[in-house]
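Start from the sequences and build out the full structure, keeping to the hints where you can.
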Amino acid sequence: MKLTLRIWRQAGPAEPGRMVAYEVPDANPDMSFLELLDVLNERLTLEGEDPVTFDHDCREGICGSCGVVINGQAHGPRALTTTCQLHVRSFADGDVIDIEPWRSVAFGVLKDLMVDRSGLDRIIQAGGYISAPTGSAPEAHSTPVPKPIADTAFDNATCIGCGACVAACPNGSAMLFTSAKVTHLNSLPQGAPERASRVLNLVEAMDAEGFGGCTNTGECTNACPKGIPLDSIATLNREYLRASLGRK
Amino acid sequence: MNFWRSTIGKKTVMAVTGLLMLLFLIVHMLGNLKIFFGPTDFDHYAHWLRTIGDPVLHESWYLWIQRFVLVVVVVLHAVSAYQLSRRDLKARPTKYSHHQRAKAGYATHIMRYGGITLALFIIYHILDFTTLTLNRHGVDGDAYDNVVSSFSVWWVTVIYIAAMIFLGLHIQHGFWSAAQTLGYNRPSRDRTFKVAATSLAVLLTVGFLIVPVSVLAGLVD
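Just so you know, the protein sequences line up as chains A and B, in that order.
Its first residue numbered 1, the first sequence is counted upward by one per residue in this note's numbering.
Its first residue numbered 1001, the second sequence is counted upward by one per residue in this note's numbering.
No incorrect hints appear here.
What the simulated footprint calls covered on chain A by chain B, stretch by stretch (three residues with Cβ under 8 angstroms from a Cβ of chain B suffice, anywhere in the stretch; the number is not a length):
hint	stretch
1	71–79
2	104–111
3	200–208
4	211–221
5	224–231
Subject to a maximum C-alpha distance of 20 angstroms in a straight line, what follows is the list of computed EDC-like cross-link-like pairs (lysine to aspartate or glutamate):
hint	chain 1	residue 1	chain 2	residue 2
6	B	Lys1090	A	Glu209
7	A	Lys2	A	Asp95
8	A	Lys2	A	Asp93
9	B	Lys1034	B	Asp1140
10	B	Lys1090	A	Asp116
11	A	Lys2	A	Asp30
12	A	Lys2	A	Glu35
13	A	Lys2	A	Glu23
14	A	Lys111	A	Glu49
15	B	Lys1095	A	Asp116
16	B	Lys1090	A	Glu204
17	A	Lys2	A	Asp26
18	B	Lys1095	A	Glu15
Just so you know, these hints were derived from the structure itself, not from any lab.
Since the model is a prediction, treat every value here as computed from it, not as a measurement.
Backbone N, C-alpha and C define an ideal beta-carbon position, used for all residues, glycine too.
Encoded structure:
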């Protein structure tokens, strides 16, 4: 397959960037999208050019490291698929593919396609955990959790923190990310003691990072490779109102 | 104060004030329809609005209380919208060079422009029928004739039609969005809220437009 990749190249955080076109004449349809970039980078390296910088780690869709905007869509055209799990066969021979970094004022471009997503880490540090004595795992049956609640918590716990929701949102909002954490932990008995403080602290941290607000456009949930539903944002709003009204 | 400073807090203010305005609009729309009972009934209804609460409240006191509440509500809605919009636009300074068509509908897309349009329309509407500054008949107490004189002009009716279409779109996204913002929405209720939002939007748009269109068509004169 012959593909043309137009990639955002930017030498550093303060440098100006631009889209640069590269031809990949020998793309294999069975390559993953990241392997396509690897092939391009090998050639660029041999030619003495600066290879394209992009984030990646597990390459099996669970770490949340990779993530670029492909043809205007976070993680590309396939639903529920991270960039690493996307294959070249999703494109047609001769296609021109635009590859850009996540865009948000809270995600500065470090180099090329790699952005600084530490804002999401700071949201988690504000309360995306439970304060519990560590040690050996407790007996599972000692804290009964009804199945529907366990399911909701688990569905939200699948968030990998990739930032696609922020990248897809026209307001660069991190509401879906934050709502996944709040819904996950606030649904469970283990999260109950910090239920109010967690949601207040997470939202304060989210706002402090400069993320935009939610206008309920639903772009986030469409882009989310883990299918975190828009309902989680309703839950976040409900939890925030509950905590603000002082209910424990 | 932390609540007002937060994005969710401001959005909550928008949802609550939006619902209050919606409540007012439903009553307003139903009241307008009294025009089909003829000038005597309509003018009587218009006069009654000034006597609500009598004798506890003096003439027009209720009206002024309601006007004050509505102004506060509109200002809170607009200030929240302005502050949130500024923040949202700042949060995404660089656009993607490959533009992707939004998955959200037109009603969602048009919220900000629709809101500004409606604000300008409300000013025009007050100058037309409350202060009667722009009204062609413009006689205090002649509510029926004032309405007929304005809507007999085709372009005035066109302005109202355009504004009410914006209103419908605003409510279609706004009502469901309020349910989401206030945390009332659940997956099991989502469909109901969306249907209710569209129904309210159609009901209000049609209910408001039936009056100017009837005047222009000569059904009310």
